[in-house]
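S.K.: Respectively, the protein sequence lines represent chains A and B. Everything in the first sequence is counted per the working numbering, starting at 12 for the first residue and increasing by one. Everything in the second sequence is counted per the working numbering, starting at 109 for the first residue and increasing by one.
Calculated directly from the structure, the hints in this document are not laboratory data. Any given hint could turn out to be false.
Unchecked claim - Quick list of in silico lysine-lysine cross-link-like pairs, DSSO-like style, CA-CA up to 27 Å:
(1) A:K58 <-> B:K293
(2) A:K57 <-> B:K293
(3) B:K414 <-> A:K53
To be verified - Covered by chain A, according to a simulated footprint, are these stretches of chain B (three or more residues, beta-carbon under 8 Å):
(4) 211-219
(5) 237-246
(6) 282-296
(7) 423-433
For glycine and all other residues, C-beta sits at the position ideal for the given N, C-alpha and C.
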Amino acid sequence: MAEVLLFNALRAAIDEEMAHDPTVMVMGEDVGHYGGSYKVTKGLCKKYGDFRVLDTPIAENSFTGMAVGAAMTGLKPIIEGMNMGFLLLAFNQIANNAMLRYTSGGNFSVPIVVRGPGGVGKQLGAEHSQRLEAYFQAVPGLKIVACSTPYNAKGLLKSAIRDPNPVLFFEHVLLYNLKEEIPDGEYYLPLDKAEVVRPGKDVTILTYSRMRHHVLQAVKPLVEQGFDPEVIDLLSLKPFDLETIGASIKKTHRVLIVEECMKTAGIGAELIASISENFFDELDGPVVRLSSQDIPTPYNGALENLTIVQPAQIVAMVQQMVAQKV
Amino acid sequence: MVQERILPKLSIPPVQISREDGLKVYEDMVLGRTFEDKCAEMYYRGRMFGFVHLYNGQEAVSSGVIRAMRSDDYVCSTYRDHVHALSAGVPPRQVMAELFGKATGCSKGRGGSMHLFSSEHNLLGGFAFVAEGIPVALGAAFQSKYRRVALGDDTADQVTACFFGDGASNNGQFFECLNMAALWKLPILFVVENNKWAIGMAHDRATSHPEIYRKASAFGMVGVEVDGMDVMAVRAVAQEAVARARAGEGPTLIEALTYRFRGHSLADPDELRPKDEKENWFSRDPIKGFEAYLIEQNLAKTEELKDIQRKIQATVDEAVEFAEQSPDPDPSELYRYIFTEEGDR
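The following block holds chain A by itself, in its conformation from the complex (with noise of 0.2 Å):
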């Protein structure tokens, strides 16, 4: 076990899958020479040359399609969103073509994963606060992933670009610099399953990424104060593991959705109908959404925190749902 911060975790995990496949390959901007705005890709087109760590020009729709073409074609690109925010110019790639293998009958697979910086930042603005899950997520045929800590980060990325199919793949631009020991040995981790952070019996919380933290930073007082909530981690946005969020909800029968996408058509907003949909009669009351403002970010620092949940949110939710029985 060594301490791995969680943006050399991701490089790690693109590194030991660009030595074992030829075919895998990195594109984006500043991916190459600058070693990506976060560092991610840092020294590998050194490794791997100029052409496997592609430095593509600023043209998100066009080289997103580029890549889509070279994994029909036999290759495996991962694409780097410098920020997530700027794949709505790549939408049309991602939404008409990623899912090609659909409309052309099983003629071509599209193995790419589309990586980068999600989530709300310290003040970054409004576009480079954007969060795309919730708007990819009705997109049939892709896989949607969040990772939330050095571990997961490596064993997600691996398996993502192990996938023969579109995985989009979220980081937290404040997540970056988040350390952990994690194993030293290779390992991989299925993209389509929840972990239980913190096993409990009150109430389920189901957070995903930076909120994830959030909750954990709750729980602290939650638990000195006598509540014992579980904590699950999605990871998986797309589909949703529903056989240990049901498992969870059979124990609890409250659930607590965090989430830092806006709260009209979110992640939670699925989620609560996935839930009503299987596990309906498991539940005690209502399922209960703390979600971002549905407003574009502000650059206030002090209104930014308001626009996404905050810890102190969180614990006042899990007493009120608890006390009352909600």
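Since chain A is already given, all that's left is putting chain B on it; use the hints.
M.R.: Coordinates of chain B only, in the frame set by chain A:
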């Protein structure tokens, strides 16, 4: 009389074509025309649905370019893709069955008229949004170069032909991809089929500079214009561009001046194109022109060409019969092909 662009003289010496190749190209053009006429008939008889965009009039471009390529080269098309698929070697019965929505179609009934695919024939699709196929084609060309440069595979000399229309040449993906293709010297032919009209938008009303081939110069790329009604002229510029691409000398932008003999799609009332413009182009039918060439060059006799027409008519009739008799996709397989299955690559 409508002002037409003065058609370019062929700057390279007229190419010779063998009798065998000439008849193959002719057969391909006749197949394209006969197939599309049959599609119109089948559409109006309610046998195929959705938007169907026919290629009549533009055959010299598809046959001239694709028949100058190898079978392991790549072809990428648009929503007007039936004839590109046929030139690329996809059997007519598979294309017709796809248009009928049948399980035996080249896209298993999932794609339809605008989404023809065949991995066996390196047909990368059928892309229905204008210009979105250009980046995909670029990716195939990148892949060939990647194999050569990064994987050291000297046999990876495949060339990609990317077809699109004048409308696409005003889209950002066109410019972005020209830039990347020139930057990395990718083995690709950008073939603009300038048929003068993007549905009802006349090319001259949509672009600040109508000579599309000249836009290549902004990227330091070779750009050529060619009479898209003359299959031998198209073949000549295609051969040169293919040779350049295969030699690792990079991309070419080919602007073929052509015309569609029918509306944008079978749903288009085609009210905007002037009568005299249409008649002018109808008089330059590329198939009739090539027939005259073959006879004049003593490469074929009229009767032989008639035989080919009869043979192709039988092939197309057989394709319809095959499509009619083919089963619909199995409803239990509605979800099939979303994700890869065991045994897929």
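S.K.: Each hint needs a verdict: does it hold in this structure or not?
M.R.: Hints, verified against the model:
1. Between K58 (chain A) and K293 (chain B) the CA atoms are separated by roughly 23 Å; this keeps the pair inside 27 Å, and the hint holds.
2. For the given pair, K57 (chain A) sits about 22 Å from K293 (chain B) by alpha-carbon distance, which is consistent with the 27 Å threshold.
3. Taking the CA atoms of K414 (chain B) and K53 (chain A), the gap is about 65 Å. The hint is violated against a cut of 27 Å.
4. Here the segment 211-219 of chain B counts 7 residues with a CB under 8 Å from a CB of chain A, which clears the bar of 3, and the coverage holds.
5. Note: the segment 237-246 of chain B has 7 residues with beta-carbon separation from chain A under 8 Å; the three-residue rule is met and the coverage holds.
6. Using a Cβ-Cβ cut-off of 8 Å, 5 residues of the segment 282-296 of chain B lie near chain A, which meets the minimum of three, so the contact claim holds.
7. Look at the segment 423-433 of chain B against chain A: 0 of its residues bring a Cβ nearer than 8 Å to a Cβ of that chain, fewer than three, so the hint is violated.
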